[in-house]
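Chemist: Now for the letters of each chain:
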Amino acid sequence: MLKIENLTVSYGGIEALKGIDLEVPEGSIVTLIGANGAGKSTTLRTIMGLVKCKSGKITYKGEDITGAPSPSIVAKGITLVPEGRRVFPDLTVLENLKIGAYLRNDHAQIKKDLEWVYELFPRLKERSWQLAGTLSGGEQQMLAVGRALMSRPKIMMMDEPSLGLAPLIVKSIFSIIQEINKNGVTILLIEQNANMALRIADWGYVLETGKIVLAGKGQDLLQNEDVKSAYLGKKKEKKD
Amino acid sequence: MSSSFLQHLVNGISLGSLYALVAIGYTMVYGILRLINFAHGDIFMMGTYFAFFGIMTFHLPWPLAFIVAIIATALLGMLIERAAYKPLRDAPKNSLLISAIGVSFLLENLAIYVFSGKPKAFPNIPLFADTLGVAGVKIQFISFFIPTVTLIFLAILLYVINHTKLGMAMRAVSKDYETAMVMGIDTNRIISITFVIGSTLAAVGAIMWGIRYTQIQPMMGVMPGLKCFVAAVVGGIGNIKGAVVGGFILGLGEVLLIAALPNMTGYRDAFAFILLILILLFRPTGILGEKITEKV
Numbered sequence: 001m002l003k004i005e006n007l008t009v010s011y012g013g014i015e016a017l018k019g020i021d022l023e024v025p026e027g028s029i030v031t032l033i034g035a036n037g038a039g040k041s042t043t044l045r046t047i048m049g050l051v052k053c054k055s056g057k058i059t060y061k062g063e064d065i066t067g068a069p070s071p072s073i074v075a076k077g078i079t080l081v082p083e084g085r086r087v088f089p090d091l092t093v094l095e096n097l098k099i100g101a102y103l104r105n106d107h108a109q110i111k112k113d114l115e116w117v118y119e120l121f122p123r124l125k126e127r128s129w130q131l132a133g134t135l136s137g138g139e140q141q142m143l144a145v146g147r148a149l150m151s152r153p154k155i156m157m158m159d160e161p162s163l164g165l166a167p168l169i170v171k172s173i174f175s176i177i178q179e180i181n182k183n184g185v186t187i188l189l190i191e192q193n194a195n196m197a198l199r200i201a202d203w204g205y206v207l208e209t210g211k212i213v214l215a216g217k218g219q220d221l222l223q224n225e226d227v228k229s230a231y232l233g234k235k236k237e238k239k240d
Numbered sequence: 241m242s243s244s245f246l247q248h249l250v251n252g253i254s255l256g257s258l259y260a261l262v263a264i265g266y267t268m269v270y271g272i273l274r275l276i277n278f279a280h281g282d283i284f285m286m287g288t289y290f291a292f293f294g295i296m297t298f299h300l301p302w303p304l305a306f307i308v309a310i311i312a313t314a315l316l317g318m319l320i321e322r323a324a325y326k327p328l329r330d331a332p333k334n335s336l337l338i339s340a341i342g343v344s345f346l347l348e349n350l351a352i353y354v355f356s357g358k359p360k361a362f363p364n365i366p367l368f369a370d371t372l373g374v375a376g377v378k379i380q381f382i383s384f385f386i387p388t389v390t391l392i393f394l395a396i397l398l399y400v401i402n403h404t405k406l407g408m409a410m411r412a413v414s415k416d417y418e419t420a421m422v423m424g425i426d427t428n429r430i431i432s433i434t435f436v437i438g439s440t441l442a443a444v445g446a447i448m449w450g451i452r453y454t455q456i457q458p459m460m461g462v463m464p465g466l467k468c469f470v471a472a473v474v475g476g477i478g479n480i481k482g483a484v485v486g487g488f489i490l491g492l493g494e495v496l497l498i499a500a501l502p503n504m505t506g507y508r509d510a511f512a513f514i515l516l517i518l519i520l521l522f523r524p525t526g527i528l529g530e531k532i533t534e535k536v
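Note that the protein sequences, when read in sequence, are chains A and B. Position 131 (the first sequence) corresponds to 131 in our numbering; numbering is contiguous. If you count the second sequence from 1, you need to add 240 to reach our numbering.
Read the hints as simulated data drawn from the structure, not as lab findings. Hints should not be assumed to be uniformly reliable.
Here are the simulated lysine-lysine pairs, DSS-like style, with alpha carbons at most 25 Å apart [unchecked claim]:
#1 K98/A <-> K415/B
#2 K154/A <-> K217/A
#3 K61/A <-> K228/A
#4 K61/A <-> K3/A
#5 K228/A <-> K217/A
#6 K211/A <-> K182/A
#7 K182/A <-> K3/A
#8 K57/A <-> K211/A
#9 K57/A <-> K112/A
#10 K3/A <-> K211/A
#11 K154/A <-> K57/A
#12 K112/A <-> K154/A
#13 K217/A <-> K57/A
#14 K111/A <-> K326/B
#15 K98/A <-> K154/A
#16 K326/B <-> K125/A
#17 K52/A <-> K333/B
#18 K3/A <-> K18/A
#19 K52/A <-> K326/B
#20 K154/A <-> K111/A
#21 K405/B <-> K125/A
#22 K211/A <-> K18/A
#23 K171/A <-> K125/A
#24 K98/A <-> K405/B
#25 K333/B <-> K415/B
#26 K125/A <-> K154/A
#27 K111/A <-> K125/A
#28 K405/B <-> K154/A
#29 K182/A <-> K76/A
#30 K112/A <-> K3/A
#31 K326/B <-> K54/A
#32 K228/A <-> K211/A
#33 K405/B <-> K76/A
#34 K405/B <-> K112/A
#35 K405/B <-> K52/A
#36 K182/A <-> K171/A
Some chain A residues flagged as far from chain B (calculated, every beta-carbon gap over 10 Å) [stated by the list, open to error]:
#37 G56
#38 E95
#39 I99
#40 A108
Positions of the beta carbon are idealized from the N, C-alpha and C atoms, including for glycine.
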């Protein structure tokens with residue numbers, strides 16, 4: 001569905017991505033794990049049209065979307081839940097959700113989707129008139145996800161949804177990601193919380209300083225010794 | 241005594257209304273681009289000239305001339321943004337500021353060159369010069385017209401900002417440019433519209449200024465421009481209601497101060513800047529301003 005070929009991005013001489021290849025099949029959950037500065041966010045931002053790439057190609061459903069402006073990317077059905085949630089603090093919860101549907105004009109369907117988002121996150125319905133800035137971190141993350149869903153995405157990219165949230169809330173966010181995926185939305189998930197991400201992912205990529213060093217099924221990567229020691233906080237078992 | 245106070249009050253309110261209209265343009269552009277658009281006062285000046293030429297050179301009936309002048313000024317504002325600010329979108333904010341100052345000088349000198357530096361008399365429109373007697377004071381019709389028009393435009397503006405999809409997009413862009421793009425908002429279009437709205441209000445203010453004070457000249461935008469910038473800062477820059485409050489404080493303050501202390505007339509313009517210094521010292525975020533949290 002989404003395919004990245006040999007993508008290179010540099011910020012003023014520093015190469016953030018050194019030619020990565022990545023594929024997200026329709027209906028799947030794909031995760032990209034890696035440490036700070038590995039280039040995870042850059043990958044998503046380049047797909048979204050926020051960062052220009054130096055070389056490489058991004059195709060969506062066979063169509064070349066490399067370097068297309070963000071609004072046209074959103075219109076095609078790609079959405080991003082940005083790092084740090086980035087809800088609009090001065091807008092109400094309802095306005096934040098409405099702005100997610102900015103490019104749509106099918107009012108009846110927007111209303112239905114709003115109901116669906118409220119069903120997924122009942123807390124948002126209770127607080128629909130509150131300013132988004134007054135929500136807690138977990139609620140803001142829910143709002144950011146709900147806002148992204150309002151654009152009726154075919155593929156939802158998420159940049160560290162677990163960042164700074166309590167473990168219990170992280171758990172519920174991840175189970176909602178799975179539910180959204182069951183509703184037919186393809187997911188590309190970026191995480192430092194590799195354990196959680198790999199557990200729900202069909203396929204995982206490990207990114208290290210701008211290069212993909214490992215790829216495999218989520219379950220397989222969970223068992224991989226290198227991944228374990230580098231990202232899952234487990235020591236390599238010594239083989240005697 | 242009380243009748244002359246009424247006269248001053250009416251004058252102060254109409255001057256305050258004019259300041260408010262122009263200050264809104266400063267505050268809206270600042271809100272969305274973090275730019276103090278120093279060319280705004282000169283856009284205001286161009287507005288009066290457009291109306292002047294509409295009536296005097298093209299012999300349009302005045303209502304039509306005013307509408308044409310407002311549209312022309314709005315387009316000028318949009319054009320300036322496209323030509324002088326849009327290419328600098330990713331440049332440091334200082335470059336943008338310098339570009340704005342450049343546009344300001346360009347418009348002033350262009351006006352001197354094309355329209356001549358000699359002051360011109362704004363055409364007299366009998367309807368506005370009529371006087372009404374209120375509580376024994378004769379007051380020009382224009383003095384009632386200015387605040388009324390201001391309130392109408394203000395109501396429309398606040399409605400658009402707070403209750404329409406466009407307004408929601410404008411608020412989103414001014415708060416978080418990049419996330420607004422991720423929502424699919426065409427941020428360049430929203431910025432263009434912001435300049436159109438700001439310039440429209442400046443033109444409305446400019447035309448009423450022409451009717452009220454009758455003399456127009458190429459440097460006429462400088463002092464009102466600076467004062468309206470002060471008004472925007474006093475009210476809390478980035479905040480539309482703040483710009484209106486600031487405009488009225490400045491207009492009323494200026495007129496009433498001179499009325500109370502007639503021998504201070506020469507310091508009329510100083511009032512605005514003393515107020516600016518006081519605000520910056522004691523309440524830098526302005527009266528209705530929020531705490532500034534710089535994005536990192």
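Chemist: Does each hint hold? Answer for all of them.
Modeler: Hint check:
Taking the CA atoms of K98/A and K415/B, the gap is near 16 Å; set against the 25 Å cutoff, the hint holds. Taken as a hint, the K154/A and K217/A pair is honoured in the structure, with Cα atoms around 22 Å apart against an allowance of 25 Å. Among the hinted pairs, K61/A with K228/A is inconsistent with the structure: their alpha-carbon atoms are about 34 Å apart, more than 25 Å. Taken as a hint, the K61/A and K3/A pair is honoured in the structure, with Cα atoms around 8 Å apart against an allowance of 25 Å.
Taking the CA atoms of K228/A and K217/A, the gap is near 14 Å; set against the 25 Å cutoff, the hint holds. Taking the CA atoms of K211/A and K182/A, the gap is near 30 Å; set against the 25 Å cutoff, the hint is violated. Restraint check for K182/A and K3/A: the C-alpha separation of about 21 Å stays at or below 25 Å, so the hint holds. Proximity of K57/A to K211/A is assessed by CA-CA distance (about 16 Å); at most 25 Å being required, the pair is judged to hold.
Taking the CA atoms of K57/A and K112/A, the gap is near 36 Å; set against the 25 Å cutoff, the hint is violated. Annotation: proposed proximity of K3/A to K211/A holds, straight-line Cα distance about 16 Å (limit 25 Å). Restraint check: the Cα-Cα separation between K154/A and K57/A comes to about 20 Å, which is no more than 25 Å; the hinted pair holds. Note on K112/A and K154/A: the hinted pairing holds, with a Cα-Cα distance of about 17 Å set against a maximum of 25 Å.
This hinted pair checks out: K217/A and K57/A have alpha carbons roughly 24 Å apart, not beyond 25 Å. With a C-alpha separation of about 36 Å, the suggested pair K111/A and K326/B falls outside the 25 Å cut-off, and the hint is violated. At most 25 Å may separate the alpha-carbon atoms for a hinted pair to count; K98/A and K154/A meet this at roughly 18 Å. Between K326/B and K125/A the alpha-carbon distance is near 39 Å, which puts this suggested pair outside the 25 Å criterion.
This hinted pair checks out: K52/A and K333/B have alpha carbons roughly 21 Å apart, not beyond 25 Å. Proposed proximity of K3/A and K18/A is supported: the alpha carbons are some 16 Å apart, at most 25 Å. For the proposed pair K52/A and K326/B, the alpha carbon gap of about 18 Å is at most 25 Å, so the pair holds. Proposed proximity of K154/A and K111/A is supported: the alpha carbons are some 18 Å apart, at most 25 Å.
In summary, the hint linking K405/B to K125/A is supported, as the alpha carbons are separated by about 20 Å, within the 25 Å threshold. For the hint linking K211/A to K18/A, the alpha-carbon distance of about 6 Å falls within 25 Å, and the restraint holds. In summary, the hint linking K171/A to K125/A is supported, as the alpha carbons are separated by about 21 Å, within the 25 Å threshold. For the proposed pair K98/A and K405/B, the alpha carbon gap of about 9 Å is at most 25 Å, so the pair holds.
The suggested pairing of K333/B with K415/B holds, with an alpha-carbon distance near 16 Å, which does not exceed 25 Å. Between K125/A and K154/A, the direct Cα distance comes to roughly 24 Å. Compliance with the 25 Å bound is thereby established for this hinted pair. With a C-alpha separation of about 13 Å, the suggested pair K111/A and K125/A falls inside the 25 Å cut-off, and the hint holds. Annotation: proposed proximity of K405/B to K154/A holds, straight-line Cα distance about 24 Å (limit 25 Å).
A C-alpha spacing of about 20 Å is found between K182/A and K76/A, which places the hinted pair at or below 25 Å, so the restraint holds. The straight-line distance between the Cα atoms of K112/A and K3/A is roughly 31 Å, outside the 25 Å bound, and the hint therefore fails. The hinted pair formed by K326/B and K54/A meets the criterion: a straight-line CA distance of about 23 Å does not exceed 25 Å. About 19 Å separates the Cα atoms of K228/A and K211/A, which keeps this hinted pair within 25 Å; it holds.
Between the alpha carbons of K405/B and K76/A the distance comes to roughly 21 Å, so the proposed pair stays at or under 25 Å and holds. As the CA atoms of K405/B and K112/A are separated by approximately 19 Å, the hinted pair is consistent with the 25 Å bound. Between K405/B and K52/A the alpha-carbon distance is near 29 Å, which puts this suggested pair outside the 25 Å criterion. For a cut-off of 25 Å, the pair hint linking K182/A to K171/A stands: about 17 Å separates their Cα positions.
Consistency note on G56/A: stated as away from chain B, and its beta-carbon is indeed over 10 Å from all of that chain's, at 21 Å minimum. Residue placement check: E95/A does not keep its beta carbon more than 10 Å from all beta carbons of chain B (closest about 6 Å). Against chain B, the non-interface label of I99/A is violated: not every CB pair exceeds 10 Å, the least being about 5 Å. Consistency note on A108/A: stated as away from chain B, and its beta-carbon is indeed over 10 Å from all of that chain's, at 16 Å minimum.
Going through the hint list in order, the structure does not satisfy hints 3, 6, 9, 14, 16, 30, 35, 38, 39.
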